[in-house]
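Engineer: Top to bottom, those sequences are chains A and B. Under our numbering, the residues of the first sequence are numbered 2 to 341, in order. Under our numbering, the residues of the second sequence are numbered 2 to 341, in order.
Read the hints as simulated data drawn from the structure, not as lab findings. Among the hints, a few may not be true.
The list cannot tell twin chains apart, which means a pair is met if one copy fits it or any two copies do.
To be verified - Think about it this way: if two alpha-carbon atoms lie no more than 25 Å apart in a straight line, the pair counts; the simulated BS3-like pairs of lysine-lysine are: (1) K43 with K74; (2) K70 with K6; (3) K223 with K301; (4) K6 with K65; (5) K338 with K74; (6) K7 with K43; (7) K74 with K7; (8) K70 with K7; (9) K6 with K74; (10) K70 with K338; (11) K65 with K7.
Here the structure is a predicted model, which means the values were calculated and not measured.
2 protein chains.
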Amino acid sequence: DESAKKVEEEVGRVVEQARELQESGASLISRISNEEQSLRQKANSLESSIRRLRSLINSLLSQKLLDPKLADKLEEDLLRARFIITDGDAAAFLPAKAQGRFLRMFLGPINVRASRKDVQLKVKEEYNSYRDRTAFLFLLFPLTLLILRSWIWEGCLPAFPVQLYQAWLLFLYTGLALRENILQANGSDIRPWWIYHHYCAMVMALVSLTWEIKGQPNCAQKQRGVELFLQWAMMQGVAMLLQNRYQRQRLYTRIALGKANRMDVVWGETAGVDGQLWVLCPILFLLQGFEAYVGLLLLKTAFVGVVSEWQVIFCGILLVLMAVGNFMNTVQTLMAKSRF
Amino acid sequence: DESAKKVEEEVGRVVEQARELQESGASLISRISNEEQSLRQKANSLESSIRRLRSLINSLLSQKLLDPKLADKLEEDLLRARFIITDGDAAAFLPAKAQGRFLRMFLGPINVRASRKDVQLKVKEEYNSYRDRTAFLFLLFPLTLLILRSWIWEGCLPAFPVQLYQAWLLFLYTGLALRENILQANGSDIRPWWIYHHYCAMVMALVSLTWEIKGQPNCAQKQRGVELFLQWAMMQGVAMLLQNRYQRQRLYTRIALGKANRMDVVWGETAGVDGQLWVLCPILFLLQGFEAYVGLLLLKTAFVGVVSEWQVIFCGILLVLMAVGNFMNTVQTLMAKSRF
Ligand SMILES: CC(C)(COP(=O)(O)OP(=O)(O)OC[C@H]1O[C@@H](n2cnc3c(N)ncnc32)[C@H](O)[C@@H]1OP(=O)(O)O)[C@@H](O)C(=O)NCCC(=O)NCCS
Ligand SMILES: CC(C)(COP(=O)(O)OP(=O)(O)OC[C@H]1O[C@@H](n2cnc3c(N)ncnc32)[C@H](O)[C@@H]1OP(=O)(O)O)[C@@H](O)C(=O)NCCC(=O)NCCS
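Next up, chain A with everything else stripped away, as it sits in the complex (with noise of 0.2 Å):
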């Protein structure tokens, strides 16, 4: 009975401790949202202030009122406060720009902004490993059914593992799509391209399933499709293999730099990577010339009349397209990064 009494009174005072608990909690959800309350505010009536001073620095110039050097000087101090606001600790809390509809589709309504920036590059390290480690099946995979095509399978790939290599190829897509964009939310810039390129990649991929496999006879010829498909991505393995390089090394250079204090380093971040890239270009404008090419070959497959279908058709458009917004973009990153 003594312990009859001690246990009850041990589990009030557990009961107790767990209200405790849920009270902390409640307030301490109460405190933060007041506290985003006060900086949204804030960071609302600084956002005008910016708008107010650049249009008034711009009229006093065009009045000749303003010294151009100072001016810039000026520009600049709004441009870094801008960031702060956009890209600081405080953004966190701030009303995030509208995730993409991508997101709102597959994920609804949920926040995937990390309010921690060691949270944020944690993200941003996984997305990177997560590259490599597909960039090396990406290579393995085909190259493993092309070889066995000659050497076992006489010329005729066998459907199955085709399918499944492009099942995972979707999955694979579908997957980058999602954390690029979950990138972007949590304030990366990538350029919106790469995005909607791992989009089309994945209509590709997609449409591909649908494609039928024809086998003998006369084997060699209609698969000639799923052969120039096959290539490519590879071709995309190769690629991938190197940008991983690239952007690992770059993002290295930033946390050393910057301390995951991103607005210190867009400054001078190009420094430790100036002269990769450079190498780095020329390869991948050869990689698209050839991805133009295979969208080429596979257009020409088909108005010749080998293989009709319009799954051949389809794709070979949409790799010539993405050929070309690669191409773009591309150009368009160095000729920004140049400028700096």
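Place chain B with the ligands on chain A using the hints.
Structural biologist: Chain B with the ligands in isolation, oriented as in the chain A frame:
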């Protein structure tokens, strides 16, 4: 010159304010992480107390040192305390149960848990309305295909619209699976099976995409498998519509009773919808029977030799497994509910 000075001053002030904003943000983040730390410690020690007390109660009971009635009451108190820890307002700040592999595969290490209850509810409501929208299409899309087949296409489905539909299914099920994983991370009690069920449906949609849709001659026979697949999909639409009506009602009851505070609801929640469940379940059982029947028919067409692709056999087996799983889990849900 006067105005230049003024602008310069103002810009200086704005930069200063931006820096202050940055500091408030940083300090808010560090305060949050400190408080998180302390909540986590408290929660951990509470959890171990609860574990200790439960085993103490059990041992006292077996030594007959405790009145069984009192023991029951204490057990329930402890359960409630546990519930507060795992589901209360503090839960958002505790280390999440590791998010499932599926989410990690697609999204990387991003946290999808919302800390505020109202956001969690919004996510849930959006999930329900997403299901409503799709359930409607679920019925309409295959129905249109089947109607067009007999009216216009003379008993022979063209490949493209069917594949479009299958691609849509794949996309849809992926979205549902992701959203349900997110709900689970936000504390939903969804049974794992319903999520696995959507993984199976994803696999099925993927496999059906590789499934060649043969044309004339002898279309009706060759397309028997596809026809059955479409019928199954329609049936899924009916099941979803019914389930949605019930579950929406349930959420409203919950919100009305407990105001975003789940703990108060769990012990009395079924009250409002108990009746509905007993109407819903026979229909669900009927549909599950039909699901198994479609699966068996698929297997029959495969083994009789009309359509002998592996896809048919695979989908047949999968459908039967899904039907069995659905049945078992529905029964278990009913049993769990009737015990309260
Ligand atoms: C040209 C290239 C090397 C420039 O890379 P970069 O120096 O990182 O470019 P930016 O400075 O504009 O990058 C801005 C942001 O976008 C990201 N990014 C750039 N290109 C990206 C790509 N292709 N995929 C994903 N993210 C990319 C960067 O990581 C950076 O992110 P951060 O702001 O979070 O740090 C890169 O865009 C690239 O490799 N493009 C070619 C890809 C291609 O053509 N592939 C197919 C070949 S067939
Ligand atoms: C049987 C059934 C009606 C019970 O629903 P319920 O009363 O909500 O069940 P529970 O109380 O166990 O629900 C616990 C949680 O799981 C969710 N849930 C239950 N079944 C679900 C399902 N099939 N899909 C998604 N979520 C489900 C509930 O919304 C609830 O979420 P919450 O904790 O966030 O509020 C429901 O599970 C169901 O409709 N199952 C049959 C589905 C089926 O067989 N479909 C295919 C037919 S061929």
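Engineer: Sort out which numbered hints this structure fails and list those numbers smallest first.
Structural biologist: none
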